[in-house]
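Undergrad: Next come the chains, spelled out residue by residue.
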Amino acid sequence: MSSIATRLRPAPPLLLGAGLLFWGWQTGFLVYAIPMALLLELSRLLRWRSTVTDREYNLISDISGLVFFILVVYIFSSDGAGGIYKILSIMPFILYLLILSQVYGERGTIRLSVLFISLRKLEPDKTLDMNREIDLSLPYFLLCIISASSGNREPVLFFLILCILVAVVLWSVRPRRYHPLLWAGLLALSLSLAYAGQTGMKQAQRSIEMILMDVFEKYMWRYRDPDRASTAIGSLGRIKLSDRILLRVDTDKIPEKPLLLREASYTNYGYSVWSNASSEFQLVDPDVTPGSWTLQTEKGKSSITINTYKIKEVEVAPLPHGTTSIYDIDAFDIERNAYGTVRIESRDGWISYRADYETDRIHDAPPNRNDLHVPERLRKDFNQLVREWQLEERNAAEIIQTVQRNFSEHYKYSLNNRSRYPRGRYLHDFLFDSKKGHCEYFATSTVLLLRAAGIPARYAVGYSVNEYSELEEQYVVRGRDAHSWVLAHVDGSWRIVDTTPPVWIPLARKNTSLLESVFDLVAWLKYRYARWQTDDNLEEEINNTDYLLWLLPPLLLFLLWRLYRSKRPEKSEQPVAGHNTGHRERHGSDSAMYQLITRLEQHGYYRRPGETLAAWFHRLGVESGYKQFMQAIELHYRYRFDPARNDENSIRLHLDRIVDRILATGLPAIDQQLTEPADRRDQPSPN
Amino acid sequence: MIRKLLFRNFRFIYRVSRWLRYRLTPGGSLILGGLVASGIFGIDTRQSLAFQIFAVCASLMLFAVLTTLIFRARFRLRRHLPEYATAGVPFQYKLRIENPGRRRQYDLLLIDELTERLPDYQEFITTSDPKDKNRNWLDRAIGYPRLISLIHKNRGGAIPAREIPPVPAYDMAEVDIEFVPARRGYLNFSAAYIARPDPLGLFRALRKYPLPDSQLVLPRIYPVSKLNLPGKRKYRQGGLSLASQIGDSQEFLSLREYQPGDPLRSIHWRSYAKYGEPVVKEYQDEYFVRQGLALDTFIEHRNNNIFEEAVSVAASFQLAMEEQDSLLDLMFVGNRAYRFTSGRGFGKSANILEVLACVEPCKDQTPESLESLLLRHVDELSGMVMILMDWDSIRRSMAAKLVAAGIPTIVFVLIEDSSSPGLDPGPLYETPERLVALPMDNIETSLQKMTLELSL
Chain W
8 MSSIATRLRP APPLLLGAGL LFWGWQTGFL VYAIPMALLL ELSRLLRWRS
58 TVTDREYNLI SDISGLVFFI LVVYIFSSDG AGGIYKILSI MPFILYLLIL
108 SQVYGERGTI RLSVLFISLR KLEPDKTLDM NREIDLSLPY FLLCIISASS
158 GNREPVLFFL ILCILVAVVL WSVRPRRYHP LLWAGLLALS LSLAYAGQTG
208 MKQAQRSIEM ILMDVFEKYM WRYRDPDRAS TAIGSLGRIK LSDRILLRVD
258 TDKIPEKPLL LREASYTNYG YSVWSNASSE FQLVDPDVTP GSWTLQTEKG
308 KSSITINTYK IKEVEVAPLP HGTTSIYDID AFDIERNAYG TVRIESRDGW
358 ISYRADYETD RIHDAPPNRN DLHVPERLRK DFNQLVREWQ LEERNAAEII
408 QTVQRNFSEH YKYSLNNRSR YPRGRYLHDF LFDSKKGHCE YFATSTVLLL
458 RAAGIPARYA VGYSVNEYSE LEEQYVVRGR DAHSWVLAHV DGSWRIVDTT
508 PPVWIPLARK NTSLLESVFD LVAWLKYRYA RWQTDDNLEE EINNTDYLLW
558 LLPPLLLFLL WRLYRSKRPE KSEQPVAGHN TGHRERHGSD SAMYQLITRL
608 EQHGYYRRPG ETLAAWFHRL GVESGYKQFM QAIELHYRYR FDPARNDENS
658 IRLHLDRIVD RILATGLPAI DQQLTEPADR RDQPSPN
Chain R
142 MIRKLLFRNF RFIYRVSRWL RYRLTPGGSL ILGGLVASGI FGIDTRQSLA
192 FQIFAVCASL MLFAVLTTLI FRARFRLRRH LPEYATAGVP FQYKLRIENP
242 GRRRQYDLLL IDELTERLPD YQEFITTSDP KDKNRNWLDR AIGYPRLISL
292 IHKNRGGAIP AREIPPVPAY DMAEVDIEFV PARRGYLNFS AAYIARPDPL
342 GLFRALRKYP LPDSQLVLPR IYPVSKLNLP GKRKYRQGGL SLASQIGDSQ
392 EFLSLREYQP GDPLRSIHWR SYAKYGEPVV KEYQDEYFVR QGLALDTFIE
442 HRNNNIFEEA VSVAASFQLA MEEQDSLLDL MFVGNRAYRF TSGRGFGKSA
492 NILEVLACVE PCKDQTPESL ESLLLRHVDE LSGMVMILMD WDSIRRSMAA
542 KLVAAGIPTI VFVLIEDSSS PGLDPGPLYE TPERLVALPM DNIETSLQKM
592 TLELSL
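If you're matching them up, the sequences are chains W and R in order.
Residues 8 to 694, numbered by the numbering used here, are exactly what the first sequence covers, in order.
Residues 142 to 597, numbered by the numbering used here, are exactly what the second sequence covers, in order.
Derived from the structure by calculation, the hints contain no laboratory data.
For every residue, glycine included, the Cβ atom is placed at its ideal position computed from N, Cα and C.
Possibly wrong hints are sitting among the right ones.
[As the list claims (entries may be wrong)] Using C-beta positions, here's what the derived DEER-type ranges look like:
id	chain 1	residue 1	chain 2	residue 2	range
1	R	D565	W	R569	43 to 51 Å
2	R	L279	W	P561	26 to 34 Å
3	W	H594	R	E398	25 to 33 Å
4	R	P580	W	S596	33 to 41 Å
With the hints as constraints, model all of the structure from the sequences given.
TA: Following this line, the structure appears as structure tokens:
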């Protein structure tokens, strides 16, 4: 008879081995998986079992936990977050000792408290079932399967084998009240749906990835396109700027006003987009000194160190205006265009470079007619403003001064735009009505206004360096520090004109998260770690984290020594009297009942831990001769436990006779009666 | 605020975990585990094939759930409870399942359920759990294990699910259920569930059978030796006509079945061997005195567990003194002052144990009310055993008044643990051995040791 089990059953024969082989094949550990599987399955043939105490189980579990922890640290430090699949692939190794000790242990199960340290101290509390015994074989099999999935090979074959193995597991736990055909039909249906599901999941991921990539590119990381820059002019609602640290800047002297790091300059404006008609990049010749490129022969007076994270190999580099040389950089090539935009080709990831610069000498290409062009539809507005602000008859320096003064006195900085206007009317609204906007409004208007007043001007974008981090002891530049300003050509050279009111810096910081300092600390630790690792990689051939591996052998040796030296249970505590060779001979241990017990166990009818004799016989289902069994138990108890020891000899003789009779006739009868092999499965090793 | 939020989450987690325990077979738990693990590792379908395992597990669970939506079989259930159970002692009862249908039913599971009351936030933060000292700091700080322990205690125990033997058509089957009551008082059974697995053996269909019942659980009993209180035999006016003999003897009276709390040395081993069940010898003690057993119910700011132990100690003495040919007055203050007399045909010890099973801590009166109760009956008493939860000035004065009245008094005081400082005998300075401290962590041994030492 089979019934619903309230506890997990042991894995059916050969399943564990199959799971291990599957894992080995998929992950490339087949050489190890074969002996591991053989050793586990051999336990079904071997009768040898070891007495493993709870303490030893706990120690094995702790060793496994410790090894797991060390490997997690090691793999994460060498492989980063991607190491999770590597850890997954070696999990069967880590827990192998535990399953091995269960399989070859006398009990055949382990206590729940072995896996959870928190339960160990609570063991005396039996009312909460803390001492529950569990069989780890099926969970270990599941672990092998999930680990096998990290191999990521031949999806169709993987799915097929997965289905077969799952079917074997489910067959072993299936309820007998249903016809096997119903079971098989339902299973086939489920697996078909699973196949469709897994195909769908794959496609769903592809679609989600596409959407996320779009969003990421749009909002999270601003790739600077040297040919084109969309502005948020005309966007509705509050512009959300990221608090993420994008650059780390170290300067040799403290700048008097916020240093501007330019990424690109543009000349043409149309419908909220700045662009360059043509911006061909040209390679800069490297210097003789490795990692050094000279952009201008004159040497800059100031120098700066910039650290940033590149996610593409070729990216525009933020640099101060008037950069003369770039050095201490691990780059393949450096190129620049006529508008002063510099592009670096190097490995993706963290990159650091130094630059010498002279802000007063900006060596961009001289102005052309595009730098004086004001779009037709905006010309009327800007000409009107030129008149209103009386810019016509002034010299360039005065014009710039007037423009700066007027913008700072009559215009306000705001990241909010709540009004909706027809396309192309945003600048008009900014200039004449609302007089509120963010840096792109100010810079765009200034460029066009200067052009209308006859001064060549360009629109520049990049970052403002204004936040000094005490923690990092250097400047940090966040997403919210992105800025735009103007380059005006005055007296034969380019000059920076920034008309955005300086209040923009504190305003942009206004909605900073309370947790920003925590995030900053985490970001800094990640940065330091990444730098440390990169430096080590550069300086040494061997990855320094390898030394962690050297910690493992002595640790394992120590733990194994502890395991070996830990106290063994006294032989006299073994339940079978025949094994009782110790000096503490107990009274009644020569009872004939022990012969019966041994014979029954030899026939494969194993007694569960803590099971009384009566309960055992009852479980075995002996019906004929039941009275004889009960009589034997009664006599055995009297012989074994009666302190007065009256009629000791007669009881023993009587018991001997009954046991002989049972052994002569009873056992074959039990064999016939026991048709259900499930009871035998309670044993550690079935015959 | 955070703690309150956590508490609400705990209640939710507890409900979910209970639902899962009821609904999932062990195989189902395994598949659910696989579903969660493969869900984590399979989130990126390019990195591993775990998403295939996720799909298989999810699909299996889906079909398993769908096939349990219909459970047509009907049963009639009847619970057979014994008269008493004892807290902390395994307790057995039977549940009979009748199958009125035409089909043989098998592979079924029986889940019997005690009424459950989830504690409210106030109860959760004010109740302390003695098991907390064995827990790690994280468990203690978070408090979820304490909540589980509290729910377990409120409920009164955890009844394990039992497999139902096959029930033939138009026939019945009996299931033996055993569990350990976690507390004294009434345990309320609410309903029993019959569970049927789905064809894949992962999920269970449940049918609830309302089956309200209650079971009285007597307090936990400690084995204590008989306490021979000194005391004069006094003339009792009326009501003691059953007193048949006066004098002392160790005369063998009879054999009777073992009851929890009987000392091991009174087991009659031969009869035990003969019947297969423990049998104890009963002697007739011909003392004839009226003794008092005073129970302190004034818990004040102290832990509720100390009160539970006090009740257990009182019950143990009640049972130990039952065999004496004397009257025993149990006195305590609940919502009013109570005195229950047992012995010599007045009332059975079991009745007094029932009273003790239901005694509650007194919150609206002061220890003085117990004092006035004791002094009201002091003239009738030959000796007094007091079980106190503190040894403060009020209680000392109570003992002093009894001693002054010439009543031999033994005082048991429950203290937090063995490391607590010794007690000042106070009014018992002449007989300091009659003041016994019972540390909470070692009551059983202390009681056995003390009662043996007290040769009064």
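Undergrad: Each of the hints needs a verdict: does it hold here or not?
TA: We went through each hint and held it up to the structure:
no. : hint                          : result
1   : R:D565 <-> W:R569: 43 to 51 Å : 49 Å, holds
2   : R:L279 <-> W:P561: 26 to 34 Å : 30 Å, holds
3   : W:H594 <-> R:E398: 25 to 33 Å : 26 Å, holds
4   : R:P580 <-> W:S596: 33 to 41 Å : 38 Å, holds
Every hint from the earlier list agrees with this structure, and none is contradicted.
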